[in-house]
Every structure is written in C-alpha cells, then in structure tokens.
Amino acid sequence: MSRRDELRKVQAGRLSAQRAPKATQVKAEKICGLCSNYSEGAFSGEGAGSCRILKVKSDISADPPKYDLESTDGYQTMNLMDAGKCQYYEKMSFVDKDGTECSDPRYRRSMRQMQD
Amino acid sequence: MQCMECGFEAPISGYRYLYNARIDASVAMRQCPACQAWLAVDQLNEKPLQAVGPGQAPWGKSAGIENLAEDR
Amino acid sequence: MTAEAARNLESVEDLEKKQQWWWVAEKTRSRRLDYLRKAIWKKGAIGGLYNPGVKVDLEFGLLAMESWNAAQVLADPKVIQFAKHLAHYLDNKTIFITDHAQLVGYVGSLPHTVFWDPTMGEMLNEEIYNDSTAIPEPVEESIKTVAELCDFWAGKTMQSEILPTFDIEDMMKVMSGAVGWGLPMSRTGYSGKDYEYLMTGKRAFQDILDELNQKIEEADYRIHNETPTPEILDLYDKIDCWEAMTIMLEAGMRHAKRYARLARTLAEQFEADSTRREELLLVAETCEQVPAKPPRSLQESLQYDLFIQLFSRTEAVEGAWPSRPDYYHGPYYQKDVNEKKRLTEQAAIDLVGEFLIRAAEVGQYKPRWTKEGLQGIDGTWVWTLGGVNKDGSDACNDLTIAFMKAARQVRVANPTFALRWHPEVRDEVMREAFECIRHGLGYPSIRNDPVLIENAMFWHGHPVEEARTWLHQACMSPAPTTKHGFQPMRMASATANCAKIIEYVFTRGFDKTVNMQMGALTDDPRKFMDFEEVKTAWSAQMESIFGLLVRVVNRGRATAPKTCPRPYLSAISERSVETGMDVCDPSLSRGNAWITGFTWVENADSLAAVKKLVFDDKKYTMDQLCDALEADWEGHEAMRLDFVNNAPKWGNDDDYVDDIMVWCLRDVARFSKEMKCPSGNNWPLLPENVSGNIHYANMVGALPNGRRLGDALYDGGISPGPGLDKKGPTAVLKSCGKINHVEDGRAFLLNQRLSPSQLAGEKGFTMWKAYLKTWADLGLDHVQFNMVSDETLRAAQSDPEKYQEVIVRVAGYSAHFVDISRKTQDNIIQRTVQGIG
Ligand code: SF4
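Residue numbers (this note's numbering), protein chains in the order written: chain A, 222 to 337; chain B, 2 to 73; chain C, 27 to 863.
By construction, these hints were calculated from the structure, which means they are not laboratory data.
Mixed in with the good hints, there may be bad ones.
As the list claims (entries may be wrong) - Here are the computed lysine-lysine pairs in the DSBU-like style, where the Cα-Cα straight-line distance is at most 35 Å:
hint, chain 1, residue 1, chain 2, residue 2
1, A, Lys-251, C, Lys-182
2, C, Lys-702, A, Lys-230
3, A, Lys-243, C, Lys-553
4, A, Lys-306, C, Lys-538
5, C, Lys-538, A, Lys-278
6, C, Lys-431, A, Lys-276
7, C, Lys-645, A, Lys-243
8, A, Lys-276, C, Lys-538
9, C, Lys-64, C, Lys-431
10, C, Lys-799, C, Lys-645
11, C, Lys-753, C, Lys-644
12, C, Lys-431, A, Lys-248
13, A, Lys-318, C, Lys-645
14, C, Lys-182, A, Lys-243
15, C, Lys-431, A, Lys-251
16, C, Lys-170, A, Lys-318
17, C, Lys-538, A, Lys-251
Using the sequences and the hints, build the whole thing.
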C-alpha cells in the first residue's frame, strides 16, 4: 500500500468515527485514551490521537488484531477506541483530567466522556 | 526521590515533568503521580525542594532589573 | 468591614497611588458603563475550557436544520442555499436588549452563549459533543440535541466538502496539529473588510442592494437577449452570487428592523422610566436607519459597524476583528461632540465604551487549537488607532483619544488597540497611550507606521495611498482596507509552529508527539561535521514546514469560491458587487498573505548553542547532543545548563547569535519570495505568538537551547527568552534593530515588561518616550508592554477572586490574568522586567 493509500485509510477511519451515530457509542473499559502509549492530538477536541508503538498498518479492532511495528508513521487512533484486544495496552498510572490547562498529549484527557 | 507531601517514592523520571521554573536554572516543576502535588525539584541533585501552590513560586524574578529599579 | 466596603471608602487618589487601576475605573466610570461592563460574560477559554456558565448556543443548529430541509426541496444553487440558511437564522433567532444598552446585537441567542454553526465541520461538532462544561442545562437533554445535530450534519458540512479537494498527505499533516493551525476554509480565520467601500458614509445596504438588483437585471437581459456565445456562460454563476448577496443584505436589514421593533415595543409598552424610554426610542430610530441607510450620528455609525461585524460572524467563525474605529467613526464624533454639540464628551465616551463592551462579549465556539492558543479571549480584536490619512497627514483625531479614555474605564481585555505611531503623532495622543499602558491594560501596542507602510509596499506592492489605510488584520499583520488591497480571508492554517524546524533537524523530520514523518528526511545529524551542515538541514526543514502550510492555504483559497462561498462578505465588498464573483476569488485580490511564525526565537538560540558548544568550543559532540535531546535532557542536566548559560542568547546585543537570527530570517525571506499566493504575491514571515507558546509546550520536544518537552516556549515574535535578556532593554532593542524590519519579514512582535513603580508619574512618561525614540530610531516595527508587578501577579494567582480585573499582555493580545492557565501565568511572571532608566 502506498503512503497515500495508507493515509487515505486513516482519514476515512477518522471521518467515519465522526459520522458514527452518537446513540450507539459505548465507552469500553480499556480504551486507547487510557493507555500509556497513546498520544492525544492537540489539533481539536474531537478525541483523535496516535500510538507511540504501533504503526500505521495496525488495526486493533480487527479479529485478530493487526500489529505493524515496522512502518514509519504511527497508528492513528481515538481516545475512545476499544483497546480490549490490543496486546500492547498498558494502563496509565496517572491521568490528568483538568481541562483548564493546555493539551498534554501524554497525560491530559479532559473530554467529557473521560471524566469520572 | 520522595514526595514531601505524601511520601511516594520513585526515581525522578517517575514524576510527571510539568515545566521549568526558569530555563537557566536547575529547578523544574514536577507532579507527584500519587498525590498530584506540584513539586519544585532540583533537577541536578534530583531532590524535591518544596510543594508549590498558585502564586508561591519564588522564581521568575527579572534578570535585567537588578540594581536598576525595584519591581514592586 | 468587608473588603468591598473598605474599598468604597478609599478615594480615587488613594487607589491611584496604590496603582489599583481596576478599582479606579469602577469608581470613575458612569453608572451605565459600570452596569454594562459587569454584565459581560467572558467568552475566552482558560486552557481548553470555557468559563463556568458559558454555554454552547444550539439555536443556529436547530434553525439551520429547519431551513436545510426547505432549501433541499427548492434545490437552489449552493451559494443561495447557504445565504438562505443565514437569512432564516437572522429572521428567527432570539434577540434581546440589555438594560441600559444603547447599542444592540449579539452573535448568539443569549448573552452567556457561544455561537455554534454545525454546518462548519464534523470535527468541531465532535468537540462540542465531547465538551465537559459548555453543554447547556439540562445537560442530558442537551447532549441528545447536540448528538442529533452532529448526526444530522455528518457528511453535509463544509469540512466534508473541502477535505476531498486537498492532498491527503498534506491534510493529515495539517490535521495532526503539530506544525499548523486550523483547516484552510474561508469560513474560519480572519476576514478583512472593504471599509473604504462601506464605512465612508457614501453608501449602505440599501444602496448596494439597488446596485445588485440592477446587475442581476442586466445580466438576465444579456442571457436572454444576446446571441448565445461562451461570453455569457459565466453570467449564470454571477447571477447566483449576486442573488445570494441580495438575500444577505435584505436579511441584515430585516434583522435590524426586528431590533427597532423590540426597542419601540419596550419603550412604548414596558418602560416606566422616561429617560430610558427616550433611549429605547433612539435605539429604534437607529436600527431603522442602519444598516439600510448610511449613519448620521456617532451612535448610528457605531451601531452600523456592529451590525456589519455580527452578520459577518454569523457567516463565518472569525478569529479577528480588523478595525480602524477612530478613522472611520471619527467624523461622526467630530460632528456630534465638537460641531453640533449633540453629545457631551462623557456621553460619547459612554457610547464608545459600550461599543468596546459589545465587541468584548462576542463569542463563537472555537476549536481546541484556538481556545488554547488564544486563552482568555474569543479572538484577536486588535483595533488600529492613529496612523496617517491617504495623503500622509496625521490621522489621529479626538476619537482616538476618546477610545483610549473609554478603554481605561471599561478595562476589557478584548478588543485591544495598536497605535500607528509616526513622527507627527501629538504628545497628547502619546500620553493617552502611555496612561493605558501604565494602567496595566497591556495596550495599545506601538507600531512604527512609516516602517510598516514601506513594508506593505515592499512585500505586496500595495500603492502608497492604499498602504496608508492599513489596519491589523489579526494581531499583528497590516492589511489595507481598499477594494483590491484588503484580504477577505486569512486562513489560520498558515501559522507555523517554528520550533519544529530546529526540532526536526535532530529527528530527521519525524515528529515524536504525533508519531508521523512530518518534515523533510534530512541527513543524520550525528554525522554532521560542521555548522554548515546544520544550517542546510535547517533550511530544508523550514522549507518543508512553510511549504506544506502555504500549499494547503493556497489550495483552500483557490477552491473557496466554489466550496465555501461568503455571500455576505461579498455583498459588502466593492470588487464582488462589481464583478459578481465571490470575495475570496484570488483573481480579485492583490494578495496580502503572510505566514505567522509562532515559537520562532528558539531557532536562533538553538543554532547558536550548537555552533558554540559543538563546533567552536568542541565541548560536546553531535552524538552527545543527539543522545541528550532524545532523552529529553533527562540525566543530562549539567549539559543542559551549559547549553542555556554558556551559549550566547538572542536579545543581548551579541553578534554571535544575532547574526544567526538574521541569517535565519533572510533564508526565510528568500523562500517567501519564491512561494506565491493564488493572487501571485509573496508569502513573508511574521513572527509572533499569541498563547501558542503554551499550547505547543507539550508538543515540541527537547531543543538545544535547553528547553525540555513541556517547558513553555519563548513568548514570541522576536522577544528574547524569558530571563535570558540579561543586558537590559537597550541591548534588546539593539539586537532587534539588526533585523531589517522592511525586508526581512512582514512584522516582528516584541514583548517588554516594564516596572510600574519606575514609570510612575511625569518622569515615567519622559523615560518611556525616550525608550520609544530609541525603538523608532532603530527601525523596529512593533513593541508592547506589560506594566504589572510580579507582586500583583503572584497575589492574583493565589487569590484570583480578588484580582479578577488584572489585565496582562500575553503576546499580540491582552487577557485578564485570571482567565489564562496557571502555566501561562507563570510564563508571564517569568518574563524579564526591564528597568529603562
Ligand atoms: S491500546 Fe494499543 S493501539 Fe491503543 S494506544 Fe495502547 S498500544 Fe497503542
């Protein structure tokens, strides 16, 4: 797959997440947003981000999950992505939920669905 | 390094790095992952100096003003 | 006795002595201004969250859903559909008149709401759905409404329309948020206005409407009566465009009439107080006059302007408010106060103060990068005062002074002012500016008019008479207000996180925060043998980042007329009324593009540190440096301190690093002339920061200047690193003076903190003027001042309730100190206070 194709796939995933009917969204117990390998995007508050370990061709929602550790670009995922099947999931020991500071991709998760 | 607020112990890297008090000094703000207190830490000696609440940081004093005018 | 009661007993003189200017303002302003000022809901965000109580406005979304279905049935051309949405909203939205108000109109439906247009983009809609504080009560029910609106608009928004028109790789990089800001849409950004067309009293909406109807009639006649040739093909699109413009102007006039009706009803049926009844009747009369017909008085002129701005903010999310209020409203002040004496000076100041308040309360829901990058304010309303007339004579007038007096009374953090200084500005005006700064407003910033006029001619070829009309299109960048000179949309995407240039030299273009190959794949820095190789890699990364941002904005500008039309902005722009083409069509514009350079100075300080400690002194190898940076300096603290303290730093009049700064700027200037905007003009750099230095703090990795991931970046423009300008204010000015402020870039922001106690009284004014003389002699184009003591700022940090009104200059804008995050507050306290004796 060319880089363009890979990126197109990533973008399509992101857009489809934005178009998913809100009524059917359920927060899983293990999500990328609570994994210490996740880096939250600071561009907008839509809840997108990337993984520091897995690369772009990974797909943790596939059955079985696909793990790419070789490509250059990181796996683009979302805060609320179900990470139940990801073998690289590592629970964050400390999550900062204070939204009155600026983005901190590593520690801060201030969106409503991440509040207690 | 031991948190002076709750006694949590971990190497300095186990404390969340927040930001420097001044770029030209070896003092930085770190956060204890256990009690969330903000600590001023001597980075060179890896020692906590004090817990810091809003308005309590003693740094940031002007460099250019000494002996010129008092900043009150 | 309560603190408030004790304060009430203190005299204005005592409060002045204590420099508690906010209490002075409260005691000296009129009852009306006091009421209106306290009725403002602050619309800026603290960090990424809105102030408690501020809620998302759902009304536009619901009304747009209603009109969408109707528009679909009619199958109108897109631009007309869009105009009908907006018109439907203006015709049906909730309107209100605040007690004591003489000026009316708000962008949302209630004063505590932030406007939300869900037709803009899915990303923004998702962000609102995720917002943890701004969803209105009852929250559960509102979440359902927000979800319904998100679902309804998914796939139908402007974002959906424009995304497929961009290169996929470029777009993914932009949307990573690592190097640029925002989506390149013509409905988000900074809209310039053709004030020379609209605000000179020669015409208003009805005149333009008549002209448009005539154009439509003529085109229609040609289509049906001329021999069919390709010549008439573009008339179809033009008719649509003109028709959409007429829809907008008519809706605007109807909207004003709704206010007139409301004011009259309140006066005639509800108001018991006879003075207030008269005021309401005057409001009604005003709204019957403007925007349909040209204003006749100061009140009408201000109301006219307000309507113009509010309609524009219904059409687009505007991050700026380009304005030259003393110049365009000045003649009405002159007539009402000086000639006909219909208004006392205080009554005029009340109107002007209220105008500032009406602007301060505007709020549109902004995405994260804007909330965090413009903490404490909704957008950069940097209003331009002073300057020169088209013939070069001094343009300052009595309204220039009235605006500065009113600002000290209402003490809003937004709008702020920038004063176009030139050698003929009267002392009286300078004194007013100084008083505002001394009162801790942080504004006006001072701009060097002759330098900036020359700069506008150099970079964009604006003729001198047009260059002289310039105002701030956003925080810093000058733009003319003329037919071909004004820029209808400056897309914020061309805002570069410049510290990434030097970061990518060491990561070979890979971004460790967003986990993407963002920059150029330059050579392995561990193998660099001399400083020239570092510079070559720096140039390549600079070109890759700036090239990316310019490419997407160029594409956005070129496709905007089709994908994202602006019928209202077109309707108030001579070039569109004349041609029937959307205002964003690049062929109508001379071009006035610029790249905003956030986090710029880190480059010079970092390069100087590498040169000095690796290549000149040979104290460290590139390998060691790369290891330290990869570890984010963790475990290398002594070495980090060496890179901070034993390498020359910008702002100390040291040629070693200053020459590197100038080299960097000139390398960019070279590239700026190679890149062209869709109008064929240049893309100069403009280093400045807003609060991007905090927004990006956790995204920019360790740098050779000694910063670590998480540290606030420098406060911007060409301001030295906080605490690193150790040689005093003249050395700062001398370093900055080595930059050619005409040819090396579009403008250069300089923050300075001055000591309030040192600058007290007449002596302080004399010292400040002497400082400005040096600044002007060295040819700098900008300077802005913070004059609040560390003591006050620390007290405000620990006891925010007591210091709600303390204002600080952040960078390019001001904010209330309590309305910015703790990290941003600390960063301001860290800045060097300069003694200027
Ligand atoms: S759960 Fe898996 S994919 Fe998600 S951030 Fe963690 S490691 Fe990456």
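These are the hints, each one checked on the structure:
1. Lys-251/A with Lys-182/C: Holds, because 32 Å separates the two Cα atoms, which is no more than 35 Å.
2. Lys-702/C with Lys-230/A: holds, 31 Å
3. Lys-243/A with Lys-553/C: Violated: Lys-243/A and Lys-553/C sit about 52 Å apart, past 35 Å.
4. Lys-306/A with Lys-538/C: Measuring from Cα to Cα gives roughly 25 Å; hence the hint holds.
5. Lys-538/C with Lys-278/A: Holds, because 18 Å separates the two Cα atoms, which is no more than 35 Å.
6. Lys-431/C with Lys-276/A: violated, 58 Å
7. Lys-645/C with Lys-243/A: violated, 58 Å
8. Lys-276/A with Lys-538/C: Given that 35 Å is the threshold and the Cα spacing comes to 13 Å, the pair holds.
9. Lys-64/C with Lys-431/C: holds, 18 Å
10. Lys-799/C with Lys-645/C: violated, 42 Å
11. Lys-753/C with Lys-644/C: Satisfied, since the Cα-Cα distance of roughly 26 Å is no more than 35 Å.
12. Lys-431/C with Lys-248/A: violated, 54 Å
13. Lys-318/A with Lys-645/C: violated, 43 Å
14. Lys-182/C with Lys-243/A: holds, 16 Å
15. Lys-431/C with Lys-251/A: Violated: Lys-431/C and Lys-251/A sit about 58 Å apart, past 35 Å.
16. Lys-170/C with Lys-318/A: Holds. Lys-170/C to Lys-318/A sits at ~23 Å (cutoff 35 Å).
17. Lys-538/C with Lys-251/A: OK: Lys-538/C and Lys-251/A at ~24 Å, within 35 Å.
Checked against the numbered hints given earlier, the structure breaks hints 3, 6, 7, 10, 12, 13 and 15 and satisfies all the rest.
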